[in-house]
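Undergrad: Generate coordinates for the entire structure from the input sequences, incorporating the hints supplied.
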Amino acid sequence: MTEYGRGPGSEPWHPTDPLYGDQGWEGQQQYHQQPHQATPYAQGGQAYQDPYAQQGYGTDPYAQQQAAYPQQYPQQGYVDPQQAQPQAYGQTGWDQGQQGHEAYPEQQGYDTPGHPAHAYDANWETGQAAMAYNAPPADPYGAGQPDLYGTAEAYPPPQPPGHRQQPPQPEPVRPEPEPEPEPEPEPEESHPFFGGDDEDGYEDDEPASRRGRGDDRDRERRGKERKRKGKNGMACLVVAAVLVGGVGGIGYFGYQFWQGQFGEAPDFAGGGSGEVQVEIPKGAFGNEIGNILKQAGVVKSVDAFVAAQKKNEKGNTIQAGAYTLKKEMSAESAVALMLDPASQANLIIPEGKRNAWVYEQIDTRLGLDPGSTKEIAVSKADSLGLPDWAKNHKNVKDPLEGFLFPASYPVAKGSKPEDALKKMVSRANAEYTKLDLEGQAKKHGVENAWELVTVASLVQAEGKTHDDFRKMAEVIYNRLQPDNVQTNQYLQFDSSLNYLKGQSEIKISEKEAHSNKDPYNTYTNQGLPPGPIGNPGNEALAAMLNPTNDGWLYFVATDGMNQTEFAKTLEEHNKLRDKFNANTGQ
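Numbering of the sequence shown is given in the numbering used here, commencing with residue 584 and proceeding in unit increments.
Derived from the structure by calculation, the hints contain no laboratory data.
Wrong hints could be hidden among the right ones.
[As the list claims (entries may be wrong)] Here are the simulated PhoX-like cross-link-like pairs (lysine-lysine), alpha carbons at most 25 Å apart as the crow flies:
id	residue 1	residue 2
1	Lys1090	Lys1151
2	Lys1005	Lys1026
3	Lys974	Lys1026
[Claimed, not checked] Between beta-carbon pairs, the in silico distance windows are:
id	residue 1	residue 2	range
4	Asp1066	Glu1030	14 to 20 Å
5	Thr907	Ser962	36 to 42 Å
6	Thr1107	Ser962	27 to 33 Å
7	Lys865	Ala823	50 to 56 Å
8	Lys1084	Asp923	55 to 61 Å
9	Pro953	Ala1165	50 to 56 Å
10	Lys1162	Asn1031	20 to 26 Å
11	Asp1019	Thr1107	29 to 35 Å
12	Phe868	Glu1095	48 to 54 Å
Where is the CB? At the ideal position from N, CA and C, for every residue including glycine.
TA: Here you go:
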């Protein structure tokens, strides 16, 4: 046992083994030795019975290496105890021509250049511990052999045949990778514009001589991070903009809500200046009126007007129509002026008024020459919106008579006469359509809707009250009957003669009544006049469609003004006439 202990190899072959010396390592053929001088140490290996000598010292397994490096490791000769001829190892290199031994194809060897491969004993383990070898008893160099594997410059220990591997190749020297930088806390991401970074994400001021391969990778990584941060910064900027906009919007609407609930509405101060015409449509109230006034520049806000209208006790009485107001008025002043009749620029047509009166009013309000509106009405009648059943009737003095429906219409300075006329005709069409005059005509013994309007105009002109209107409608229908032998289908209404003459007289002489042959004179012409004699209102229209059925055939305004009395016979009628004469002094 050596100082390193027993080697890890297997038990040695005993010299008495019949195969001992007949085979090479692991049954390989022995070397064919060239004749050399016998060494006196040839028997030393057989006499040596060291139990730990299982590893023979016949050949130095690293003789090739020593031959390759003769000056560094002086050669020593060893005698293979199994060789019949000694083999010297004192040469500086191996010569295949001198050796004369055969190659070993199955052996493993070193492929390193300058080191020919040679076989080794299979019983040698790669883990054999390095030992100093004492010379055999007959070895003149009895001193202990130096341990060629124990120094720092030594080669690796030998490996037995069949287990030999190539010596470990020195790994190429690679630059040690730079230690990964410790993660630093990432600063708040910001857009490159605010951070002063270039758009490309690289630091351009680094010297080129300091940029190695690793630096390039780091720079690329930093560039990607910066680009990613740049994108994240842009996203953050967009999100921030959205949040700011949202907060701003919430603040604005919150302020508007607060103003609407608790703050005073914006308003002008004072009574305003200048002049402006506004038109309020039928049915408008509150917010709608306020919006019209705001658009016209009268008030500053709708809320201010609504608040002022509620505050005024008569605010709810503001009517549809035209008003002459001022610009930039306080809401309180605007409400007060609209309640003043002087501000109203409306033309109100009373029930029963003839068209002649309406034309005069329009001329006056628009500052036109007298007769201007009448001329437009006659010349443009077909383009003002009349229905077909109201056109092309004979002997009609005014085609628009009966179609300037009684109501309030805006007629302010700057407007045109035809605009006002169109609105009036349109209103009449709407009312007549609603009453279905075309469908109702035959039911009441007349030819068409035109005649119904004419009946209504007569009722409106002669009647005084609602009850009068219904009785008056029955009188007309009864007198138009073909079997009427008392009046023979003559209406004999003073109102038609007054229309003809353009007057409104109560006292008409019999001579005058029976001498005028104009088609509108119902004293001299049977049946209805050629057209309406005025513009009937809603009550007269309703009575025309719903007359009484009491047999009334006569009527007399006994007081000459407001009291109308009715009779069914001629005798009763004469009594009423005498009463009228007594009351009027005739």
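Undergrad: Holds or violated: 48 to 54 Å for the Cβ distance of phenylalanine 868 and glutamate 1095?
TA: 51 Å Cβ-Cβ, so the 48 to 54 Å window holds.
Undergrad: 55 to 61 Å was suggested as the range; check whether the CB atoms of lysine 1084 and aspartate 923 agree with it.
TA: The hint (55 to 61 Å, Cβ to Cβ) is violated, given that lysine 1084 and aspartate 923 are roughly 38 Å apart.
Undergrad: Has the hinted range 50 to 56 Å been met by the Cβ atoms of proline 953 and alanine 1165?
TA: This hint is violated: roughly 41 Å between Cβ atoms.
Undergrad: Are lysine 1162 and asparagine 1031 spaced within 20 to 26 Å by their CB atoms?
TA: violated (38 Å)
Undergrad: Against the range 36 to 42 Å, how does the distance between the Cβ atoms of threonine 907 and serine 962 compare: consistent or not?
TA: Violated - the Cβ-Cβ distance for threonine 907 and serine 962, about 30 Å, lies outside 36 to 42 Å.
Undergrad: Does the structure keep lysine 1090 and lysine 1151 at a Cα separation of 25 Å or less?
TA: holds (23 Å)
Undergrad: Is 50 to 56 Å right for how far apart the beta carbons of lysine 865 and alanine 823 are?
TA: holds (53 Å)
Undergrad: Decide if the proposed pair is consistent with the structure: lysine 1005 and lysine 1026, CA atoms, cutoff 25 Å inclusive.
TA: violated (30 Å)
Undergrad: Is 27 to 33 Å a correct range for the gap between the Cβ atoms of threonine 1107 and serine 962?
TA: Cβ of threonine 1107 to Cβ of serine 962: about 30 Å, so the range 27 to 33 Å holds.
Undergrad: Mind checking the hinted window 29 to 35 Å against the Cβ distance between aspartate 1019 and threonine 1107?
TA: holds (34 Å)
Undergrad: Between lysine 974 and lysine 1026, does the CA-CA distance stay at or below 25 Å?
TA: Roughly 22 Å between the alpha carbons, so the hint for lysine 974 and lysine 1026 holds.
Undergrad: Starting from the range 14 to 20 Å, see whether the pair aspartate 1066 and glutamate 1030 falls in it by beta-carbon distance.
TA: With a Cβ separation near 18 Å, aspartate 1066 and glutamate 1030 satisfy 14 to 20 Å, so the hint holds.
In summary, the numbered hints that this structure violates are 2, 5, 8, 9 and 10.
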